[in-house]
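Peer 1: Residue numbers (the numbering used here), protein chains in the order written: chain A, 190 to 497; chain B, 74 to 162.
Keep in mind that a hint or two might mislead.
What the hints assert, rightly or not - A few chain A positions that, by computed beta-carbon distances, are all more than 10 Å from chain B:
#, residue
1, S216
2, G420
3, G446
4, E484
Claimed, not checked - Heads up, incomplete: computed chain A residues facing chain B, CB under 8 Å, no partners named:
#, residue
5, A255
6, L262
7, R265
8, L450
9, V452
10, D454
Bear in mind the hints are in silico, worked out from the structure with no lab data behind them.
Beta carbons: idealized from backbone N, C-alpha and C, even for Gly.
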Amino acid sequence: MRVASQPSASGTRLEPDVAAVECNAASLRVEARVPADLAFFEGHFPGSPVLPGFVQLHWVAELSRARLSVDPLWTRIEVLKFREPLLPGDAFSLQVEVERGAAEVGLRFALRRDARTISEGRLRGREVGDSDGDSGSDAGDTVAPARPLASDADALPLRIPQQAPMRLLTRVLAHAEGVTLCEARIGESHPSLRSGRAPTWLAVELLAQGMAAQGGLELGDAIARRAFVVGARRMLLGPRDFAAGETLWVRAEHARGETGLVVCDCALGRGDPPGSAERATERSLARGRLLAFVEPDPPPAASATSSA
Amino acid sequence: MGDQVALETEIKRLIIEALMLEDTSVEDIETDAALFDSGLGLDSIDALEIAIALENSYGVTVEDDPEKNQQIFASVASLARFVSENRSG
Chain A
190 MRVASQPSAS GTRLEPDVAA VECNAASLRV EARVPADLAF FEGHFPGSPV
240 LPGFVQLHWV AELSRARLSV DPLWTRIEVL KFREPLLPGD AFSLQVEVER
290 GAAEVGLRFA LRRDARTISE GRLRGREVGD SDGDSGSDAG DTVAPARPLA
340 SDADALPLRI PQQAPMRLLT RVLAHAEGVT LCEARIGESH PSLRSGRAPT
390 WLAVELLAQG MAAQGGLELG DAIARRAFVV GARRMLLGPR DFAAGETLWV
440 RAEHARGETG LVVCDCALGR GDPPGSAERA TERSLARGRL LAFVEPDPPP
490 AASATSSA
Chain B
74 MGDQVALETE IKRLIIEALM LEDTSVEDIE TDAALFDSGL GLDSIDALEI
124 AIALENSYGV TVEDDPEKNQ QIFASVASLA RFVSENRSG
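Use the sequences and the hints to build the structure in full.
Peer 2: Here is the structure:
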């Protein structure tokens, strides 16, 4: 993997540099570049910036909303593949095709760099009326108060490779028999926040950080490995967005692999953390099977970083 | 022999289901054609999902042995051979 010569210290940019756009009613083609000073590179990861996968999904959704007027409540990631990471300064071309049904929207995208498809996916959403579409969160969806789910004394030690503002995990609540339950908090300075809300795609990052924690605890040295999401299938998305400062639980259950290509069944939700897989499924806001490349060794920055 | 053909068809269905392949039917997958690179154009992420599906459906264990797995995952025919030789119950 290429590593930028200089970590971006204070990136503030959030959008790709768009060079060209072609679109018609149902498809979109965008030529763009990943700005080197993107806010999402800060802390993800220290010394080796990689565009988080959820940002790609967010860009796909935002470009489709702006150019194709596609703005459903996203409910599902049917298929998702991240074959190679996007790095600072990378030029890419994005192809989006949209299929509109009576009540549903299907979107497929492919992102290419140098003619190679480096990511692709199929997303599905539900059309919502204006009445319930712009309220910020779903009806009956109460945002959890920003209180810790456990005291510091109950938490297990874990070093986490992401640093502020991209770090979402705050502590490990439980780890046993291949299941790790973490607490996460969406910090007020998280770059995905707009007017205090983060997009539904942040679920992918939350679940990936849960997998990274599970990987580190499974390996026994309490240092979370960097987990690069490579795929997902049948991932259910819950909330339209997340609120700044809200506290969530993230559960990762090992399904296959220790390091290298690892598969976990993941879920996240609000309120009391679930005690079983069944409860996690029942109470989750977002869930699905995630495939990630989990590095066997601790990240270089971990040895120099305290767990605080 | 008929059993083997039935198993091959079953595995084709399992691949389509596990990978959520769109616009692909059992008839579209040739039993002896390469699954990866050329052919269906599957990749290592797909292979992992096929492995999980085979393990869940047939109780076989796919080990982390790239050379052996290259042979097992060459085609539907080789997957079916692997399953019939290793399945439990």
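Peer 1: Next, verify each hint and record whether it holds.
Peer 2: Taking the hints in turn, this is what the structure says about them:
1. S216: holds (16 Å)
2. G420: violated (4 Å)
3. G446: violated (8 Å)
4. E484: Correct as stated: the minimum Cβ-Cβ distance to chain B is 16 Å, above 10 Å.
5. A255: violated (26 Å)
6. L262: With Cβ-Cβ at 21 Å, over 8 Å, it is violated.
7. R265: violated (11 Å)
8. L450: holds (5 Å)
9. V452: At about 7 Å, which falls below the 8 Å cut-off, the nearest Cβ of chain B leaves the hint on V452/A intact, so it holds.
10. D454: This hint is violated: D454/A lies away from chain B, its Cβ roughly 11 Å from the closest one there, beyond 8 Å.
Going down the numbered hints, you'll see the structure goes against 2, 3, 5, 6, 7, 10, while the others check out.
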